[in-house]
Amino acid sequence: MTPLTVSIVASIASVILLLVVLELIRSRRLRERYALLWLLTGVVLLVLSAWRGGLNTIASWVGVETYPPAILFAVGSLFILAVLLHYSTVISKLSDQNSILAQRLALLELRIDGLG
57 MTPLTVSIVA
67 SIASVILLLV
77 VLELIRSRRL
87 RERYALLWLL
97 TGVVLLVLSA
107 WRGGLNTIAS
117 WVGVETYPPA
127 ILFAVGSLFI
137 LAVLLHYSTV
147 ISKLSDQNSI
157 LAQRLALLEL
167 RIDGLG
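According to the numbering used here, the sequence shown is numbered sequentially starting from 57.
Hints are not guaranteed to be accurate.
[Said to hold, decoys possible] For each label pair, taking beta carbons as the anchor points, the in silico distance ranges come out as: (1) V139 x L161: 38 to 46 Å; (2) G110 x R87: 44 to 52 Å; (3) L157 x E79: 52 to 60 Å; (4) E121 x L157: 32 to 40 Å; (5) G170 x L96: 51 to 59 Å; (6) V71 x L161: 25 to 33 Å; (7) A158 x E121: 53 to 61 Å; (8) E88 x I147: 16 to 24 Å; (9) S151 x I68: 48 to 56 Å; (10) A138 x R167: 26 to 34 Å; (11) V65 x A158: 18 to 26 Å; (12) L60 x R87: 35 to 43 Å.
Honestly, the hints are just simulated from the structure, not real lab data. Note that the structure is a prediction, hence the values are computed from the model and not measured. Even for Gly, the Cβ is constructed at its ideal location relative to N, Cα and C.
Sequences are here, hints too, so could you generate the full structure?
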């Protein structure tokens, strides 16, 4: 069974994560589009932290018998990997757009120099 103190601490950490993400959205430092994975992470971790029986059930499904809260770490790690993959795709797209923009700028500068 998951110790009560671990559940309480994990629930508090999940609520703090949700509050930080909401504050970043509110202050426009994080767009809603990118915040969805973080919000989903916070909600899932909060549910798993607060619902001790569910965490133990999921742990037994996966085969973790000795310390069920390890599932919280595994779920958090998977969500972080999903966020990193999402950001990698965004960065790749921006890099491609940046190259195209630089090429267009070079062509425009060539045209301007040719006119002058």
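Discussion item. Assuming the hint says 44 to 52 Å, is it satisfied by the Cβ distance from G110 to R87 or not?
Written reply: Violated, at about 31 Å.
- [ ] Using the beta carbons of V71 and L161, state whether their distance is inside 25 to 33 Å or not.
- [x] violated (47 Å)
Using the Cβ atoms, figure out if S151 sits within 48 to 56 Å of I68.
Violated: the Cβ-Cβ distance is about 39 Å, outside 48 to 56 Å.
task: Could you check the hint for me, namely that V65 and A158 are 18 to 26 Å apart, CB to CB?
output: violated (49 Å)
Query - Distance restraint evaluation - G170, L96, Cβ atoms, bounds 51 to 59 Å - result: With a Cβ separation near 53 Å, G170 and L96 satisfy 51 to 59 Å, so the hint holds.
Can the suggested window of 26 to 34 Å be confirmed for the beta-carbon pair A138 and R167? Between A138 and R167, where Cβ atoms are some 44 Å apart, the hint is violated.
So does A158 sit 53 to 61 Å from E121, Cβ to Cβ? holds (56 Å)
Next item on the list: Mind checking the hinted window 32 to 40 Å against the Cβ distance between E121 and L157?
Entry: violated (55 Å)
**Asked** Measuring from beta carbon to beta carbon, are L60 and R87 in 35 to 43 Å?
**Response** holds (37 Å)
Quiz item: Taking the beta carbons of V139 and L161, is their distance inside 38 to 46 Å?
Solution: About 32 Å separates the Cβ atoms of V139 and L161, which means 38 to 46 Å is violated.
Item to check | Whether the CB-CB distance between E88 and I147 falls inside 16 to 24 Å | outcome: holds (19 Å)
Within 52 to 60 Å: is that where the Cβ-Cβ distance between L157 and E79 falls? violated (33 Å)
In terms of the numbered hints stated before, the structure departs from hints 1, 2, 3, 4, 6, 9, 10, 11, listed from lowest to highest.
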